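Visitor: Spelled out, the chains give:
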Amino acid sequence: MKLNERSVAHYATCDSPTDHAGFLRKRVERHHHHGHHGTSYQRRWFVLKGNLLFYFEERESREPVGLVVLEGCTVELCEAAEEFAFAIRFDDAGAKAYVLVADGQAAMEAWVKALSRASFDYMRLVVRELEKQLEEACASLAACRKSPRRSSSGRRRHLSNPALPPVQEKQHVLENGYSTWGSGPDRDGGYTKPPPLPPRRRSAAGSSVPALQESPVSPETTCFAKLHHWYGQEIAVLRQEWQERQKRGHP
Amino acid sequence: MPAGLTVTTLFSFSVLKKRLVKLVVNFLFYFRTDEAEPIGALLLEHCRITKEEENVFSISFIEEPERKYCFECDSEEQCQEWIEALKRASYEFMRRSLIFYRNEIQKMTGKDPLEQFGISEEARFQLASHKQ
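Line by line, the protein sequences are chains D and C. Each residue of the first sequence is one higher than the last, beginning at 1 in the UniProt record's numbering. Each residue of the second sequence is one higher than the last, beginning at 1 in the UniProt record's numbering.
In short, the hints are calculated from the structure, not lab data. Check the hints yourself; a few may be wrong.
[Unchecked claim] Each computed DSSO-like pair below joins lysine-lysine, with the alpha-carbon atoms no more than 30 Å apart:
| hint | chain 1 | residue 1 | chain 2 | residue 2 |
| --- | --- | --- | --- | --- |
| 1 | D | Lys2 | C | Lys17 |
| 2 | C | Lys107 | D | Lys2 |
| 3 | D | Lys96 | D | Lys113 |
| 4 | C | Lys18 | C | Lys111 |
| 5 | D | Lys2 | C | Lys51 |
| 6 | D | Lys113 | C | Lys107 |
| 7 | D | Lys132 | C | Lys87 |
| 8 | C | Lys68 | C | Lys111 |
| 9 | D | Lys113 | C | Lys51 |
| 10 | C | Lys51 | C | Lys18 |
| 11 | C | Lys87 | D | Lys2 |
| 12 | C | Lys51 | C | Lys87 |
| 13 | D | Lys113 | C | Lys68 |
| 14 | C | Lys111 | D | Lys226 |
| 15 | C | Lys68 | C | Lys51 |
| 16 | D | Lys2 | D | Lys26 |
| 17 | C | Lys17 | C | Lys87 |
| 18 | C | Lys68 | C | Lys17 |
| 19 | D | Lys132 | C | Lys107 |
| 20 | D | Lys226 | C | Lys87 |
| 21 | D | Lys26 | D | Lys132 |
| 22 | D | Lys132 | D | Lys113 |
| 23 | D | Lys226 | D | Lys96 |
| 24 | C | Lys68 | C | Lys87 |
| 25 | D | Lys247 | D | Lys26 |
| 26 | D | Lys226 | C | Lys68 |
| 27 | C | Lys18 | D | Lys226 |
| 28 | D | Lys132 | C | Lys111 |
| 29 | D | Lys132 | D | Lys247 |
| 30 | D | Lys2 | D | Lys226 |
| 31 | C | Lys68 | C | Lys18 |
| 32 | D | Lys96 | D | Lys2 |
| 33 | D | Lys2 | C | Lys68 |
| 34 | D | Lys2 | D | Lys132 |
Remember, it's a predicted structure, so these values are computed and weren't measured experimentally.
The shape of chain D in the complex, shown without the other chains:
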């Protein structure tokens, strides 16, 4: 399966917001050549950005060795032999779970909390809620300013309300973070050019309408299980080949 790995690696290592980072031990099921199975833990550097959990061999590594898309999953404490263990489990039964071990109680709790709120859907939920609140705040502001001569037609609570702040499509869109990073100390002042409001989910869409922001909790999230497996597999194969070469060189 193809992926734009270079872009993914770039995103993983660039200075866009990191929501959480730290060392965790990741459980690995080993399959030895004589059919014996074993469990071991590998220490990896984990970086959470948005709904993506990357892990690196070392903190300074330039490319992640794995990627977990945090959609359609639950994060729960784990009844493992290891203390401070938690698991990321997917709704898709075929997808493998990730068992991770933190350094201590506080670290474990911080990770579980960060990961539980990492999904795209959760972010979208909060955005919609704030969008609604902003509409309401504007509407009540408009109602206060209304001239007494106008007939009170009630507060109009939809996006075309002219009392809304200038969040029009005409505004320059910072597309997908393309031009944001490293653009200097553009904090509060920088947000005078607001992004357009996210579109409402269309109802009764015909087949000609593109799938706008599909719900992550859907059969389509099996795509992610495949992506996780593929991403980790490539690296595992390369590592195995390297190890084999090393063994042959050292009798």
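Chain C: place on chain D using the hints.
Guide: This is chain C only, laid out in the frame that chain D set:
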């Protein structure tokens, strides 16, 4: 075939290939038209969506802006719909929207709207980008 999917064509080294393209959160998956498993995906962070010629849009990424993934749609309308959907598809876009709304509501009402949810201290909702 589930409703909502659109069939477009993908140029790859100037060869047109018909693919089923599906937007799932911040990923664009593409499939051969008769297969259930995707053959590829594009992570839609730090990318630019550009209108090209008629019915065509492209996706390019910040670290390799000359490399364009082109998509031809059935109509100009469909093309515009995809462009709008893809521009809003990144997690970073949503994060910026949220920070903007939070700021605006705070200015208008004097209250932080995230407090009621108990998430005002969450790293992901802060204005300043931070490093761990």
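Visitor: Now look at each hint and say whether the structure bears it out.
Guide: Results of checking the hints against the structure:
1. D/Lys2 - C/Lys17: 15 Å, holds
2. C/Lys107 - D/Lys2: 45 Å, violated
3. D/Lys96 - D/Lys113: The hint holds at about 21 Å.
4. C/Lys18 - C/Lys111: Judged against 30 Å, a Cα distance of about 51 Å means the pair is violated.
5. D/Lys2 - C/Lys51: 24 Å, holds
6. D/Lys113 - C/Lys107: The given pair, whose Cα atoms are some 29 Å apart, holds under the 30 Å limit.
7. D/Lys132 - C/Lys87: 21 Å, holds
8. C/Lys68 - C/Lys111: Since the Cα atoms of C/Lys68 and C/Lys111 sit roughly 44 Å apart, the hinted pair is violated (cutoff 30 Å).
9. D/Lys113 - C/Lys51: 40 Å, violated
10. C/Lys51 - C/Lys18: The given pair, whose Cα atoms are some 19 Å apart, holds under the 30 Å limit.
11. C/Lys87 - D/Lys2: It holds: about 22 Å lies between the C-alpha atoms, which stays within 30 Å.
12. C/Lys51 - C/Lys87: With Cα atoms ~11 Å apart, C/Lys51 and C/Lys87 stay inside 30 Å; holds.
13. D/Lys113 - C/Lys68: 38 Å, violated
14. C/Lys111 - D/Lys226: 43 Å, violated
15. C/Lys68 - C/Lys51: 11 Å, holds
16. D/Lys2 - D/Lys26: Cα-Cα ~25 Å, so holds.
17. C/Lys17 - C/Lys87: 23 Å, holds
18. C/Lys68 - C/Lys17: 15 Å, holds
19. D/Lys132 - C/Lys107: 16 Å, holds
20. D/Lys226 - C/Lys87: 25 Å, holds
21. D/Lys26 - D/Lys132: 40 Å, violated
22. D/Lys132 - D/Lys113: 26 Å, holds
23. D/Lys226 - D/Lys96: Holds, at roughly 10 Å.
24. C/Lys68 - C/Lys87: 15 Å, holds
25. D/Lys247 - D/Lys26: 25 Å, holds
26. D/Lys226 - C/Lys68: With Cα atoms ~25 Å apart, D/Lys226 and C/Lys68 stay inside 30 Å; holds.
27. C/Lys18 - D/Lys226: 22 Å, holds
28. D/Lys132 - C/Lys111: 15 Å, holds
29. D/Lys132 - D/Lys247: 62 Å, violated
30. D/Lys2 - D/Lys226: 11 Å, holds
31. C/Lys68 - C/Lys18: With a Cα-Cα distance of about 17 Å, the restraint between C/Lys68 and C/Lys18 holds, given a limit of 30 Å.
32. D/Lys96 - D/Lys2: At roughly 20 Å apart (the allowed maximum being 30 Å), D/Lys2 and D/Lys96 satisfy the hint.
33. D/Lys2 - C/Lys68: 15 Å, holds
34. D/Lys2 - D/Lys132: 39 Å, violated
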